[in-house]
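Residue numbers (my numbering), protein chains in the order written: chain S, 1 to 324; chain W, 1 to 247.
Quick caveat, the hints were computed from the structure, so don't treat them as lab data.
No experiment lies behind these values; they were computed from the predicted model shown.
Keep in mind that a hint or two might mislead.
Straight-line C-alpha distance at most 27 Å; calculated BS3-like pairs for lysine-lysine [to be verified]:
| hint | chain 1 | residue 1 | chain 2 | residue 2 |
| --- | --- | --- | --- | --- |
| 1 | S | K51 | S | K86 |
| 2 | W | K2 | S | K188 |
| 3 | S | K213 | W | K234 |
| 4 | W | K56 | S | K188 |
| 5 | W | K103 | S | K318 |
| 6 | W | K245 | S | K15 |
| 7 | S | K290 | W | K2 |
| 8 | S | K217 | S | K188 |
| 9 | S | K308 | W | K234 |
| 10 | W | K222 | W | K245 |
| 11 | S | K188 | S | K50 |
| 12 | S | K196 | W | K222 |
| 13 | W | K56 | S | K145 |
| 14 | W | K107 | W | K68 |
| 15 | S | K290 | W | K107 |
Here are a few chain W residues that sit away from chain S, every Cβ distance over 10 Å (derived from the structure) [as the list claims (entries may be wrong)]:
| hint | residue |
| --- | --- |
| 16 | G30 |
| 17 | W33 |
| 18 | E48 |
| 19 | K59 |
| 20 | E71 |
| 21 | P72 |
| 22 | I147 |
| 23 | G149 |
| 24 | D150 |
| 25 | E163 |
| 26 | R184 |
| 27 | R195 |
| 28 | K196 |
| 29 | L202 |
Ideal Cβ positions, reconstructed from N, Cα and C, are used throughout, including at glycine.
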Amino acid sequence: MSVLVYTENWDGKFKKLSFELVSYAKAIADQLNTEAVAVSIGNVEEDELKKLGNYGAKKIFNVQDEKLKNLANQPYAKIIAQVAEKEDANVLVFANNFTGKAVAPRVSVKLKAGLAGGVIELPSSLDPFMVKRKVFTNKAFANIKIKSEKKVLTLFQNSFEIKETENAASIENFTPEFSDADFRTEVKEVNKVTGKILLTDAEIVVSGGRGMKSPEKWEPLEELAEVLGGATACSRPVSDEGWRPHEEHVGQTGKIIAPNLYIALGISGAIQHLGGVSSSKIIVAVNTDKDAPIFEAADYGIVGDVHKILPQFIEAVKEVKAEG
Amino acid sequence: MKILVCISNVPDTTTKIKFKEDNKVFDTTGVQWIINPWDELALTRALELKEGSGGKIEKVSVALVGDKSSEPTIRKALAIGADDAFRVDTDPGDSFYVATQLKEIAKDYDIVLCGIESSDYTSSAVGGMLSEMLEWPSVSSVSRLNIEGDDVSIRREIDGGQEIVSSQMPFVGIVQKGIALEPRIPAMRGIMMARKKPLNVLEPIEAETLTEYENFEMPPPKAAVKLVDEENVKELVELLKNEAKAI
Ligand SMILES: Cc1cc2nc3c(=O)[nH]c(=O)nc-3n(C[C@H](O)[C@H](O)[C@H](O)COP(=O)(O)OP(=O)(O)OC[C@H]3O[C@@H](n4cnc5c(N)ncnc54)[C@H](O)[C@@H]3O)c2cc1C
Ligand SMILES: Nc1ncnc2c1ncn2[C@@H]1O[C@H](COP(=O)(O)O)[C@@H](O)[C@H]1O
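Using the sequences and the accompanying hints, generate a full structural model.
Rendered as structure tokens:
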């Protein structure tokens, strides 16, 4: 028996997200009195792989193959299922992100394992296996029972505390078995934003809505994000209007984020917007309308004109940071 | 060439979610049902592709697993422009069960489109499961889809960027925002024609469910917002630092 976690890398490095997943897998392994094993696909150096051990992975399966440089759902699922069988994994853990959503359902069919997507806690019971997950675009939770012998979970981002442990991990190279039929998609081109904090990784997100009035007025918002070390986001109409790039759109139909701090500037707080940001730990709203629904979701707020408030906000952050 | 769009019937995105019977059952009183937003965009794109294909794409069908109460949603898809529809007459059970039902219909198509998630139970699972059951390739988080001859060109979203991917046919595309700009609205003529289009009702095949909902919970109510005076922004920043420990 074991708990298997798929740890994604980005250009050879793991992010906080992978460590969160390993910490979660390790905690389930403890509940089950067994061990957590990780599988990594792609070119990751040994030193980097070893880091997974610091969060409790006992064994790390390293799969390197030029053909697997970019995500391909079919072969990735095959590899993970092969490792799961080899290690007799009962529970498999993925991130609830683009990659996890692409691969986990395929693995679940291979292993005939029930899937719970977007889980936010450790299982509340092991027999029957019960776990809490988000439903109705994050408006509610469900306690779901997985009836099959094997289980696949995708963990909602920022929902489990990262824990370092004393642990010696072994690294094992794993050579999967493939056929040509597994490679029927091909990545032709990769366009990645570099040198910017990614929205889905950011601890702090500063977001603007239609209340920002026009695209030229975004500079102070970007400056606030910069002094806070955060990323920028926007509401849907803002990206639809082309004021901001589509990558910044958050909400039910955009990106779903869960930073520590979400600052909503000139955003009304429509239910579809909140669907993508309500899991943020702290929400701050600035809006001229004291009755805007965003204030119901917010922890802190200022009723006022964002254009007047932003310069003061930036100054205050600089001062408070300087005070240490 | 034929395209199948899998559509799920979900509560309107503004629905206030409520539960009944000891929080065991979703309360559907007063709920407006719609085509899952991503599925509606997928259907729109499928129709655009068909219209631009010069007859190469013969047909766009929709499939839904659900009881009779979901028929207005299927009729809407027909009114938007789907050529025919399938409804597997059963309760959706779980994603594994739904994918098993859809597989029977999907196997006769060249391209199958699903949404990245249903806005009700939000599993993000059916499309991926279906592709594995069919043993077809899948591409997920698709934000653009072009077909030229037999070449399929897909743009998919990844963390921090995008990739251009090509796929052999048949394949399953799991789509998200961007696939079409705006969902198509049914025109009067479409609504009239929808009544005459074939809506095939199929009996479910024997299949298991692997998961079951025990009960539901609403998030605990949020404490009231703490308002800070607009003349005193620094107080807000201090609260964020010392009280919320967020900066
Ligand atoms: C199926 C569906 C899916 C959707 N998905 C999303 C989604 O993913 N994300 C999303 O964001 N939306 C989504 N929407 C749209 C959503 O319903 C709202 O229309 C949208 O979120 C509103 O954006 P907004 O708050 O920027 O604009 P508005 O609603 O126009 O709000 C602007 C706010 O700014 C305030 N304001 C104006 N001037 C100032 C000023 N000077 N200073 C401070 N405040 C000011 C106003 O009081 C107002 O509250 C979706 C809608 C549908 C139907
Ligand atoms: N009952 C259903 N009938 C047909 N298609 C469905 C059904 N449920 C889900 N789907 C498809 O699967 C996608 C993802 O749904 P889910 O896995 O439930 O989040 C949806 O966008 C639909 O394309």
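Verification of the hints:
no.	hint	verdict
1	S:K51 <-> S:K86	holds (23 Å)
2	W:K2 <-> S:K188	holds (25 Å)
3	S:K213 <-> W:K234	holds (24 Å)
4	W:K56 <-> S:K188	holds (25 Å)
5	W:K103 <-> S:K318	violated (58 Å)
6	W:K245 <-> S:K15	holds (22 Å)
7	S:K290 <-> W:K2	violated (52 Å)
8	S:K217 <-> S:K188	violated (37 Å)
9	S:K308 <-> W:K234	holds (13 Å)
10	W:K222 <-> W:K245	holds (18 Å)
11	S:K188 <-> S:K50	violated (31 Å)
12	S:K196 <-> W:K222	violated (32 Å)
13	W:K56 <-> S:K145	violated (45 Å)
14	W:K107 <-> W:K68	holds (24 Å)
15	S:K290 <-> W:K107	violated (54 Å)
16	G30	holds (15 Å)
17	W33	holds (14 Å)
18	E48	holds (18 Å)
19	K59	holds (23 Å)
20	E71	holds (23 Å)
21	P72	holds (21 Å)
22	I147	holds (15 Å)
23	G149	holds (16 Å)
24	D150	holds (13 Å)
25	E163	violated (5 Å)
26	R184	holds (16 Å)
27	R195	holds (31 Å)
28	K196	holds (33 Å)
29	L202	holds (21 Å)
The structure is inconsistent with the numbered hints 5, 7, 8, 11, 12, 13, 15 and 25, although it conforms to all the rest.
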